[in-house]
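A.B. asks: Given these sequences and hints, build the entire structure.
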Amino acid sequence: MMKENLSPAQIEAKKRARNLLMRRIISHSYLWLLIVLLYAPILLIIIFSFSRSKVLGNWTGFTFDLYQNLFTGYDRVAQVQVNPDMYASLWYTFLIAIIAASIATLLGTLAAIGIYNMRQRSRKAIQLLNSVPMINPDILTGISLFLLFVFLGISRGLTTVIIAHVVFCTPYVVLSVMPRLTKMNPNIYEAALDLGATPFQALRKVMMPELWPGMLSGFILSITLSIDDFGVTFFTKGSSGINTLSTYIYADASRGGLTPELRPLFSLIFLTILVLLIIINWRAARQAKKMTK
Amino acid sequence: MKKLHFLFGSRRTWAWPYVLFLVLFVVLPLLLIFVYAFTTPSGEFTIKNFVQFFETSEAVNTFIYSIAIALLTTVVCLLLGYPAAYIMASAEMKTPAVMAMLFILPMWINFLLRTLATVELFNIFGLPLGEGALIYGMCYDFLPFMIYPIYNTLQKMDRSLIEAAHDLGANKKQVFFKVILPLSKPGIYSGIIMVFMPTVSTFAISELLTHNKITLFGSLIQRAFGEGGLQMWNYGAALSLIMLIIIGLTSFFGNQDEQEAQSVI
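These protein sequence lines are chains Z and R, in that order. For the record, in the first sequence the residue sitting at position 129 is 128 according to numbering that gives the first Met the number 0, with numbers rising by one throughout. For the record, in the second sequence the residue sitting at position 157 is 156 according to numbering that gives the first Met the number 0, with numbers rising by one throughout.
What the hints contain is simulated information worked out from the structure, not anything from laboratory work. If you're wondering where the values come from, they're calculated on a predicted model, not measured in any experiment. Treat the hints loosely; a few may be bogus.
[Claimed, not checked] Below, simulated SDA-like cross-link-like pairs (lysine to any residue); rule was C-alpha separation at most 25 Å, straight line:
{"hint": "1", "chain 1": "Z", "residue 1": "14", "chain 2": "R", "residue 2": "123"}
{"hint": "2", "chain 1": "R", "residue 1": "93", "chain 2": "Z", "residue 2": "276"}
{"hint": "3", "chain 1": "Z", "residue 1": "13", "chain 2": "R", "residue 2": "100"}
{"hint": "4", "chain 1": "Z", "residue 1": "288", "chain 2": "R", "residue 2": "100"}
[As the list claims (entries may be wrong)] Simulated DEER-style distance windows between Cβ atoms:
{"hint": "5", "chain 1": "Z", "residue 1": "97", "chain 2": "R", "residue 2": "170", "range": "50 to 60 Å"}
{"hint": "6", "chain 1": "R", "residue 1": "33", "chain 2": "Z", "residue 2": "283", "range": "46 to 56 Å"}
{"hint": "7", "chain 1": "R", "residue 1": "47", "chain 2": "Z", "residue 2": "274", "range": "52 to 62 Å"}
{"hint": "8", "chain 1": "R", "residue 1": "247", "chain 2": "Z", "residue 2": "101", "range": "27 to 37 Å"}
{"hint": "9", "chain 1": "R", "residue 1": "126", "chain 2": "Z", "residue 2": "267", "range": "42 to 52 Å"}
{"hint": "10", "chain 1": "Z", "residue 1": "63", "chain 2": "R", "residue 2": "177", "range": "40 to 50 Å"}
{"hint": "11", "chain 1": "R", "residue 1": "157", "chain 2": "Z", "residue 2": "182", "range": "17 to 27 Å"}
Using N, Cα and C, we set each Cβ at its ideal position, and we do this for glycine too.
C.D. replies: Next up, the structure:
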C-alpha cells in the first residue's frame, strides 16, 4: 500500500540505492575473494606451525612443539637437533640486509645529491644507468656479477653477496631521496657554507634533516628487497656455505623435505610485521585526526 | 687543500663514488655476459654458443614456451588486478590504505615458502601440479605487483575529469573507456613490466610448482651455470644475452608507451 504512494522519482531513487548496494557487495566480495586466495597459503603455514607433521596438509594433532624446537634448537621428542644451518641462514639474512641497506643508503643519498646538482645531460645518463639494476631480473644481475667475480678472481662469499645486494638496493635509495631534494630549498646548503660551515657540517646539519624521510624509506625498502632476494644471492654466494633464508629454503626443498621449524619461524615473522603495520597505521590515523581537530 | 675543498665544494662530485660503483658492478658485468657469450672456454671468438641454442630444438621450444607462459601470466594478472585496483581506488572504498596494505603484507613471507605452501594447497585439494599450477602460482606471486601501480595511478587521477565527462553527457561505459582507462595507462604499463620481467626470467618458482616437470628458460640458464661446469658457462652467457635482449626490448617499448601515455595527459 505504501508503495503506491511513492512518486516515480522516489521509486527511481530507491532502485538506484539498491543498485549501488548490490554493486558494493559484488565489488567488495571480489576483493575479499582475492585476499582469501592470497592468504590461503600463509594460513596453511600458520595452522601447520601447530602440528609436528613432516609435510604441510597432514595434520597430526595440535602442539606447540615446533615453537619450542625453534627456540631451544633441539627437538626433544625426536631427540635430534634442529638444523643449525637454518639459524645460520636467519642470521645471515639479517646481517646481509642491514649491512647492504646501510651502504646503499649512504651511497645512494650522496649519489642523489650529486646527480641533482648535475647538468641535464649527465644527469639523464646516470639516471638511465641507475635504472638498469632495477629493470634487470635477479637472474641476470646474479649471473653477470657471478661472471665478474670469476673474471676478477674474487672468491665468492659474504662480501660478494653484500656487494650484489648493494647493487640492486642503491637505485631505490636514489629514487626515494630524489623527490626530497626537489622539494628542498637549494640555497640553504650554500647559505650554510657562506656562514662558515664545512661541507660535512652543512650536509649533516642542514641537508640531512630535510632528506631524512627519503633516506629512511630507501633504507626500509632496501631491507625488504634484500631479505626477499633469492636469485642474486644464489649466484653470488658461491660454495662458501653461506645461505640466506631464501637459498636455504630452496636447497631444502630441492632435497625434498622442508625443515618443519620454518613454519613457526615465518608465522612469527608474519605476526611481527602485521603488528608493526597495525601500529604504524593506527598512529598515522591518530595523527591525521589530531590535524583535523 | 684548496683542491680538496674544490672537490667537496661542488656537490656534483658526490655522485662519483656511485658512478664508479655502477661502472664496476653493473656495466662491466653486463659486458662480461657479451664477452662470454661470444667466446669459447679458451677465450677465442665464436658464435658457436648461439648456433648451439638455435640447433637445440628443446632449448628454442623452452624459450618460446617461457615467453608464452609469461605473457599469459601477465594477461591474467592484468584481468584480475585491474578491477581490484579500480575498486580500491573508487570513492566507495572507505579504507583503501588498509586494503592496499592487505595486498602487500603477504610479500613479507618468503616467496619460496609461499610457493611451497601453494603446492601443498594443490596437493590437499587433489589438483595436479602442471601448467595450471604454474600459472596459478606465478599469478599468485606477482598479482600485487600489478595491483599496486594501477591503484596508484587511479588514486592520483584528477576526479574532476570524470565528473566533467559525465556532465558533458558521457555514459558510464564511455567514461571508463575514454577517460579512466587511458589515464591509467602509465600504471598498466608499469604493472605489465613488473609482472612480465620476473615471470619470463624465473627459475625457482617453476621448479617448485611443477616438481621440475616443466622447465622454463630461467632454469635452462641456471643449469648451464650450475650443473654444466666450466664448459657450459659460455653457452649460459649466450642464453643470458638472449634474455637480456628480451628484457631490453620490453623495457624499451614499455618506456616508449609510457612516455606516450604521459604526453596524452
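A.B. asks: Which earlier hints can't be squared with this structure?
C.D. replies: Going through the list in order, the structure violates hints 1, 3, 9, 10 and respects the others.
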